[in-house]
Each structure stands twice: as C-alpha cells, then as structure tokens.
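Chemist: Here is what each chain is made of, one letter per residue.
Protein chains: 4
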Amino acid sequence: MSRSTETTLRVRYAETDQMGVVYYSNYLVWMEIGRTDFCLHSGFRYRDMEAEDGVMIAVAEARCRYRRPARYDDRILIRTSLTSLKRRILTFSYDIRNADTGEQLATGATVHVAVGADGAQRSIPSRQFDLLSTRAEAPRE
Amino acid sequence: MSRSTETTLRVRYAETDQMGVVYYSNYLVWMEIGRTDFCLHSGFRYRDMEAEDGVMIAVAEARCRYRRPARYDDRILIRTSLTSLKRRILTFSYDIRNADTGEQLATGATVHVAVGADGAQRSIPSRQFDLLSTRAEAPRE
Amino acid sequence: MSRSTETTLRVRYAETDQMGVVYYSNYLVWMEIGRTDFCLHSGFRYRDMEAEDGVMIAVAEARCRYRRPARYDDRILIRTSLTSLKRRILTFSYDIRNADTGEQLATGATVHVAVGADGAQRSIPSRQFDLLSTRAEAPRE
Amino acid sequence: MSRSTETTLRVRYAETDQMGVVYYSNYLVWMEIGRTDFCLHSGFRYRDMEAEDGVMIAVAEARCRYRRPARYDDRILIRTSLTSLKRRILTFSYDIRNADTGEQLATGATVHVAVGADGAQRSIPSRQFDLLSTRAEAPRE
Numbered sequence: 001m002s003r004s005t006e007t008t009l010r011v012r013y014a015e016t017d018q019m020g021v022v023y024y025s026n027y028l029v030w031m032e033i034g035r036t037d038f039c040l041h042s043g044f045r046y047r048d049m050e051a052e053d054g055v056m057i058a059v060a061e062a063r064c065r066y067r068r069p070a071r072y073d074d075r076i077l078i079r080t081s082l083t084s085l086k087r088r089i090l091t092f093s094y095d096i097r098n099a100d101t102g103e104q105l106a107t108g109a110t111v112h113v114a115v116g117a118d119g120a121q122r123s124i125p126s127r128q129f130d131l132l133s134t135r136a137e138a139p140r141e
Numbered sequence: 001m002s003r004s005t006e007t008t009l010r011v012r013y014a015e016t017d018q019m020g021v022v023y024y025s026n027y028l029v030w031m032e033i034g035r036t037d038f039c040l041h042s043g044f045r046y047r048d049m050e051a052e053d054g055v056m057i058a059v060a061e062a063r064c065r066y067r068r069p070a071r072y073d074d075r076i077l078i079r080t081s082l083t084s085l086k087r088r089i090l091t092f093s094y095d096i097r098n099a100d101t102g103e104q105l106a107t108g109a110t111v112h113v114a115v116g117a118d119g120a121q122r123s124i125p126s127r128q129f130d131l132l133s134t135r136a137e138a139p140r141e
Numbered sequence: 001m002s003r004s005t006e007t008t009l010r011v012r013y014a015e016t017d018q019m020g021v022v023y024y025s026n027y028l029v030w031m032e033i034g035r036t037d038f039c040l041h042s043g044f045r046y047r048d049m050e051a052e053d054g055v056m057i058a059v060a061e062a063r064c065r066y067r068r069p070a071r072y073d074d075r076i077l078i079r080t081s082l083t084s085l086k087r088r089i090l091t092f093s094y095d096i097r098n099a100d101t102g103e104q105l106a107t108g109a110t111v112h113v114a115v116g117a118d119g120a121q122r123s124i125p126s127r128q129f130d131l132l133s134t135r136a137e138a139p140r141e
Numbered sequence: 001m002s003r004s005t006e007t008t009l010r011v012r013y014a015e016t017d018q019m020g021v022v023y024y025s026n027y028l029v030w031m032e033i034g035r036t037d038f039c040l041h042s043g044f045r046y047r048d049m050e051a052e053d054g055v056m057i058a059v060a061e062a063r064c065r066y067r068r069p070a071r072y073d074d075r076i077l078i079r080t081s082l083t084s085l086k087r088r089i090l091t092f093s094y095d096i097r098n099a100d101t102g103e104q105l106a107t108g109a110t111v112h113v114a115v116g117a118d119g120a121q122r123s124i125p126s127r128q129f130d131l132l133s134t135r136a137e138a139p140r141e
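Protein sequences, first through last, are from chains A, G, D and U.
Heads up: the first sequence begins at 1 in this note's numbering, then just goes up one per residue.
Heads up: the second sequence begins at 1 in this note's numbering, then just goes up one per residue.
Heads up: the third sequence begins at 1 in this note's numbering, then just goes up one per residue.
Heads up: the fourth sequence begins at 1 in this note's numbering, then just goes up one per residue.
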C-alpha cells in the first residue's frame with residue numbers, strides 16, 4: 001500500500017500571473033492542501049488538532065524546484081509523503097504533476113515543528129502521532 | 001482639511017494575472033490597506049484595537065467598480081474616506097488611481113460591523129469612536 | 001432543469017486570516033471558480049475562448065454581502081447563475097453556502113464586459129454566446 | 001558600498017492566517033518585491049526588460065527558512081543580494097527582518113533562469129546584465 005496521499009485540484013485564474021503561468025508562491029499553498037489531505041487520510045483532521053489539542057504545525061522551512069509551468073485550468077496532482085516524523089519535527093515531501101499528462105511540474109519539501117498557541121515547541125499529541133507514524137516513510141523515532 | 005487618507009503602494013507581480021493586469025480581488029486587499037492607514041491617521045492602530053479591546057471590524061459588504069486596469073509596478077494611490085460612522089456600523093469609500101497619471105482605476109466601498117472575538121456585535125470602543133468621528137464625512141450619530 | 005451551476009471546494013488554510021475566518025477578498029476568487037465551472041457546464045472552456053478566440057471576460061463590477069464567516073476546512077458550495085446576458089455584457093450572481101449545513105455565507109454578483117487582447121470592447125463569440133444563452137436566467141437580447 | 005538592496009513594507013491583514021501570523025507562502029511574494037527593487041536600484045525596471053526585451057526571469061528554485069513569525073502591521077525589512085550571476089542563471093538571497101527590532105524573521109534564496117515568451121532559455125540582455133554585474137556579490141562569469 002502506498003503511504004503517500006494524492007490530491008487533485010484545478011488551477012485558479014487568480015493563481016496565474018502576467019507570465020501566463022502559475023505564480024511561484026502558490027505551489028506552497030498547494031503543498032498545504034496536500035498536508036491537510038495527508039492528515040485526513042491518516043485518520044484525523046488537522047483543524048481538530050489545532051482546535052481541540054491546541055497544537056499547531058508551524059513551518060520551519062520550505063523549498064520547491066520548479067520544473068515546468070502550470071497553467072490556468074490545468075488539473076494538478078499533488079502526491080504528499082511524510083518523509084520524516086519525530087515527536088516535535090516532521091518533514092513532508094511533494095511531487096506535483098499535471099494530472100492529465102503525468103508531466104512533473106515541481107518537487108518540494110517542508111519541515112515543520114509542533115507548537116502551542118504561545119509559539120513554544122510542543123510534542124505532537126499521541127493519537128495523531130500514532131496515526132501519522134503508520135503512514136510515515138521512515139520508522140518513527 | 002481633507003478628511004480622507006492617502007496611501008500609495010506599488011503593484012506586485014503576484015497581483016497580476018494572465019490577462020496582464022491586476023486580478024480583481026486584490027483591490028479589496030488594497031482597500032484594507034487604506035483602512036489600516038485611515039485608522040493610523042485618525043490616531044490609533046487598528047491592530048491595537050483588536051489586541052487590546054478585543055473588538056474587530058468584520059466586513060459585511062464590499063463592492064468595487066473597475067474602470068481601468070492596473071499593471072505590474074504601477075504606483076497606486078488609494079484615497080480612503082469614512083462615509084458613515086455609527087456605534088456598530090461603519091462605511092468606508094475608496095478612490096483608487098494611478099498615482100503617476102492621476103487616472104481613476106476603481107472606486108469602491110465597504111460596510112463593516114464591530115464584533116467581539118465570539119463574533120457577536122459590539123460597539124466600537126469610545127476612544128477609537130471619538131478619533132474616527134473627527135475624520136468621518138458625516139456627523140456622528 | 002436548474003440553470004445554475006454548483007461548485008464545491010474546501011477552504012484552504014491560506015484563505016484564513018488572523019480573525020480565524022476566511023479573508024473577504026477570497027470570496028471573489030471563489031466566484032471566479034464558479035464562473036469557470038458555469039462555462040464548462042454550458043459546453044465550453046473559458047480558457048479556450050481566451051486562447052482561441054482572443055476574447056476575455058474582464059470584470060467591470062463586483063459586490064459581495066458577507067452573512068456568516070467561513071472557516072478553514074469547511075466545505076463550500078457555490079451556486080452560480082447567469083442573470084443577464086448581452087452581446088458585450090454579462091452578469092453572474094452567486095449564492096455561497098456551507099455545503100454541509102446549507103447555511104448561507106454570502107451572496108454576490110459580478111458584471112463583466114468582453115474585451116480583446118488590446119482591452120477594447122468586443123462581442124462574445126457566437127458559439128459561446130449561444131451556449132451561454134441556453135443557461136441564462138433572462139431571455140437573451 | 002553595500003551591494004544589497006533594502007526594501008521595507010508593512011504586513012497586510014490579508015497576509016495573516018488563523019495562526020495569527022503571516023502565512024508562509026507570502027514570504028516568497030516579499031522576495032519578489034525585493035528582486036523588483038534590486039533591479040530598480042541596479043538601474044533598470046524589471047518590467048521594461050519583460051516588455052521591451054521580451055526576456056522574463058522565471059523561477060527555477062525557491063527556499064525559505066522561517067525563524068520567527070511576522071505579524072499584521074509589522075514593518076518588514078528585506079535585504080536582497082545577487083549572490084550569483086551568469087548569462088542565463090541568477091541566484092538572489094534574502095534576509096528578512098522586523099524593521100523596528102532588527103530581529104531576523106527568515107532567510108531564503110531563489111534561483112532563476114532567463115526565458116523568452118516561448119519559455120525557451122535566453123541570455124539576460126547585455127545592458128541589464130552589465131548593470132546587475134556591478135551589484136553582484138560574486139564576479140560575473
């Protein structure tokens with residue numbers, strides 16, 4: 001069974017720029033949509049973790065390599081993997097493709113730290129940690 | 001003395017779309033920048049009212065007429081007026097121009113209600129209400 | 001047969017603001033997604049009209065009434081209607097709801113003019129005009 | 001003489017998210033504002049290079065490390081440096097701080113390739129290349 005999650009979306013007009021392609025910061029928005037789906041497919045809603053456990057997943061680092069442009073109304077496939085999982089730090093990786101042609105558009109990764117409402121580091125709550133660990137690429141530590 | 005506030009900004013590449021002009025929702029972002037400056041010029045920072053008084057100015061209505069397109073790197077002038085002020089409801093009006101040519105690009109208005117953190121209607125705190133009323137177009141009610 | 005088009009989407013984290021609700025300009029982005037779907041359900045892709053016929057649908061006016069806030073991860077239903085159709089001017093209306101509770105969140109409308117790449121007014125191409133007219137609320141003029 | 005360019009801006013309400021801080025993709029928008037200013041201070045307007053020379057600077061890679069959150073209405077200082085310049089490839093680096101406290105919020109870099117309107121690789125036009133090379137950190141190649 002694949003441990004990655006697949007999300008599809010359609011490029012919005014608002015996401016294009018005057019070069020006629022998707023503006024580069026929007027890929028980071030798409031990665032976030034991939035993360036939301038990854039949590040959902042792991043068995044919990046990210047928003048519940050924020051609301052009920054008071055734990056948020058802040059971004060510590062993001063990177064993206066842009067290989068081919070995406071265009072308005074293209075159907076996009078985001079494949080999201082959890083490539084590293086520790087109690088306080090997680091890394092997600094992304095493979096972003098044109099969903100119709102399969103062509104790779106971008107790859108990227110984001111590193112996150114769990115924090116409380118006060119911004120201080122926290123551990124991911126056990127329930128969500130266990131759910132995530134069943135889908136993580138690497139063995140949990 | 002003019003009671004309106006003037007704000008200038010430069011069009012960001014991110015704000016353009018594939019038509020080569022500023023995407024239409026960004027004018028509402030510019031209006032919000034105008035409101036922030038209007039509060040500042042009235043003698044208070046909007047963020048302090050949110051943080052210290054727990055009163056937020058939610059948007060109840062927005063409208064915009066687009067007359068001429070704005071383009072990347074254009075210098076934009078936003079003239080913001082407070083056209084109606086009541087204890088719980090305010091209306092701002094906006095005149096958006098190319099700052100270099102004076103050409104009118106858009107006009108608009110937003111209606112707001114003061115709410116608490118729980119979303120329930122509140123009155124604007126007295127201090128800020130009095131400051132705003134000195135710059136309101138209409139006599140306060 | 002209903003002539004309106006239904007679109008569903010999920011609220012993105014990026015669309016929220018520090019008030020904990022969807023930032024108001026994003027509703028205009030959602031309206032645009034509704035329009036894209038409306039064209040598709042009418043039998044053509046808006047992007048083809050831009051690319052092949054060189055005709056773009058510029059926004060002349062937008063308005064939105066915000067009734068209840070939308071929140072991160074809410075499922076949103078946008079019902080898009082074509083309430084007026086002339087050779088060079090169209091008006092779309094929108095009813096935006098929480099897709100799970102049916103609660104109305106916002107209503108709005110946008111007025112558009114057909115323009116060429118040079119920004120000059122044009123007529124909507126006959127093929128797309130005929131397709132749209134079968135779904136317009138009012139008889140075509 | 002410092003070869004980097006300094007840009008200041010104020011955080012927009014639209015740029016915050018429900019965590020109460022600036023949403024992470026907006027830092028990439030700020031980097032782009034830094035690049036626009038870097039070109040301007042080097043002696044040319046980026047938009048003229050696009051419009052007159054038909055050469056665009058596409059993004060091939062972006063990365064950002066987020067150290068401390070930025071908040072609504074904070075004044076932000078972006079220091080942009082050109083850390084590598086070749087005929088077809090450039091790398092910019094960014095140091096993003098709170099302009100009032102000097103506190104470092106983020107650092108990042110973007111790699112770009114010059115392309116024509118058809119998306120094919122091009123060389124940066126000589127005039128702009130020479131202007132940029134006077135401000136590049138490394139000797140031009």
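Please note that the accuracy of each hint is not assured.
Stated by the list, open to error - On the chain D side, residues computed to face chain G include the following (Cβ under 8 angstroms):
(1) Met19
(2) Leu28
(3) Ala62
(4) Lys86
Said to hold, decoys possible - Footprint (simulated), chain D over chain U, 3 or more residues, beta carbon under 8 angstroms:
(5) 20-32
(6) 56-67
As the list claims (entries may be wrong) - Simulated restraints on C-beta separations:
(7) Ala117(U) with Ala120(G): 45 to 55 angstroms
(8) Glu103(U) with Arg88(G): 29 to 39 angstroms
(9) Thr8(U) with Ala51(G): 56 to 66 angstroms
These are calculated hints, taken from the structure and not from any lab test.
For glycine and all other residues, C-beta sits at the position ideal for the given N, C-alpha and C.
Chemist: Would you mind marking each hint as holding or not holding in the structure?
Modeler: Here is what the structure says about each hint:
1. Met19: holds (6 angstroms)
2. Leu28: OK, holds: Leu28(D) within 8 angstroms of chain G, min 4 angstroms.
3. Ala62: holds (5 angstroms)
4. Lys86: Result: violated, 18 angstroms to nearest chain G Cβ.
5. 20-32: Held - the segment 20-32 of chain U has 4 residues with a Cβ nearer than 8 angstroms to chain D, which meets the minimum of three.
6. 56-67: violated (count 0)
7. Ala117(U) with Ala120(G): 45 to 55 angstroms: For Ala120(G) against Ala117(U), whose Cβ atoms are near 54 angstroms apart, the range 45 to 55 angstroms holds.
8. Glu103(U) with Arg88(G): 29 to 39 angstroms: Between Glu103(U) and Arg88(G), where Cβ atoms are some 38 angstroms apart, the hint holds.
9. Thr8(U) with Ala51(G): 56 to 66 angstroms: violated (22 angstroms)
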